[in-house]
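Student: Sequence:
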Amino acid sequence: MDGDRRRARKLILAATLFACAFLVLLLGATYVLDPSDDGADGAASGGGFTVRGLDEITEPVDGEPLPDETFELFDGTETSFADYRGTPLVVNMWATTCGPCVREMPALEEASQALEGQVAFIGVNVAEQVEHARPFAEDLGITFDLAADPDGSIIAAIGSAAMPTTVFVDADGRMVDVHLGQLDLDELTERVEAALL
Numbered sequence: 001m002d003g004d005r006r007r008a009r010k011l012i013l014a015a016t017l018f019a020c021a022f023l024v025l026l027l028g029a030t031y032v033l034d035p036s037d038d039g040a041d042g043a044a045s046g047g048g049f050t051v052r053g054l055d056e057i058t059e060p061v062d063g064e065p066l067p068d069e070t071f072e073l074f075d076g077t078e079t080s081f082a083d084y085r086g087t088p089l090v091v092n093m094w095a096t097t098c099g100p101c102v103r104e105m106p107a108l109e110e111a112s113q114a115l116e117g118q119v120a121f122i123g124v125n126v127a128e129q130v131e132h133a134r135p136f137a138e139d140l141g142i143t144f145d146l147a148a149d150p151d152g153s154i155i156a157a158i159g160s161a162a163m164p165t166t167v168f169v170d171a172d173g174r175m176v177d178v179h180l181g182q183l184d185l186d187e188l189t190e191r192v193e194a195a196l197l
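My numbering numbers the first residue of the sequence shown as 1 and each following residue consecutively.
Quick caveat, the hints were computed from the structure, so don't treat them as lab data. Treat the hints with caution; some may be incorrect.
Claimed, not checked - Now the in silico label distances, taken between C-beta atoms and shown as ranges: (1) Arg-103 to His-132: 30 to 36 Å; (2) Thr-96 to Glu-116: 22 to 28 Å; (3) Glu-138 to Gly-86: 25 to 31 Å.
Small disclaimer: the values here were computed from a predicted structure and weren't measured. A virtual CB, placed ideally from N, CA and C, is assigned to each residue, including glycine.
Construct the entire structure; sequences and hints are all you get.
Tutor: If you want it as structure tokens, here you go:
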């Protein structure tokens, strides 16, 4: 009887390990963790993720117009980047599976509250389902606009392949500054003031 239980436990353990390995391989087809953290400006700064399949895309070119992508906000409203014209805009690409993205969310929320009426903020959730990301954002107390990018088309149109990516857009809809990697509140505030105010 004990031998049967041990064999059953071993089979369950083996099946669990196999399932975990399969899940890691499956997630690896979507995300690849950048293990470097050289502190430089770029995807390696603060760590981050690269969306596989978009790795041929380069980082956005400063001064380029923000693509006029149409997307759905978490509340179901359909909108586009053109709807934000006339107000400076901070666009942040993020995912719940990206540690640096999660760590910088409180700074984005604090900055959006402090700059309300002067600068708009939008978080673009990449390669996840809204049903998964919405409760996560609610738990963090995020109040700025959140958009769904389940197939990665928005991040591709913007021209980035890494998360987090933060794009600073002037009132005319031009990308005037781009940061790949995690930002803290001081860095975020400095970039907003230098690029948008």
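Student: Would you pick out the hints that fail for this structure and give their numbers low to high?
Tutor: 1
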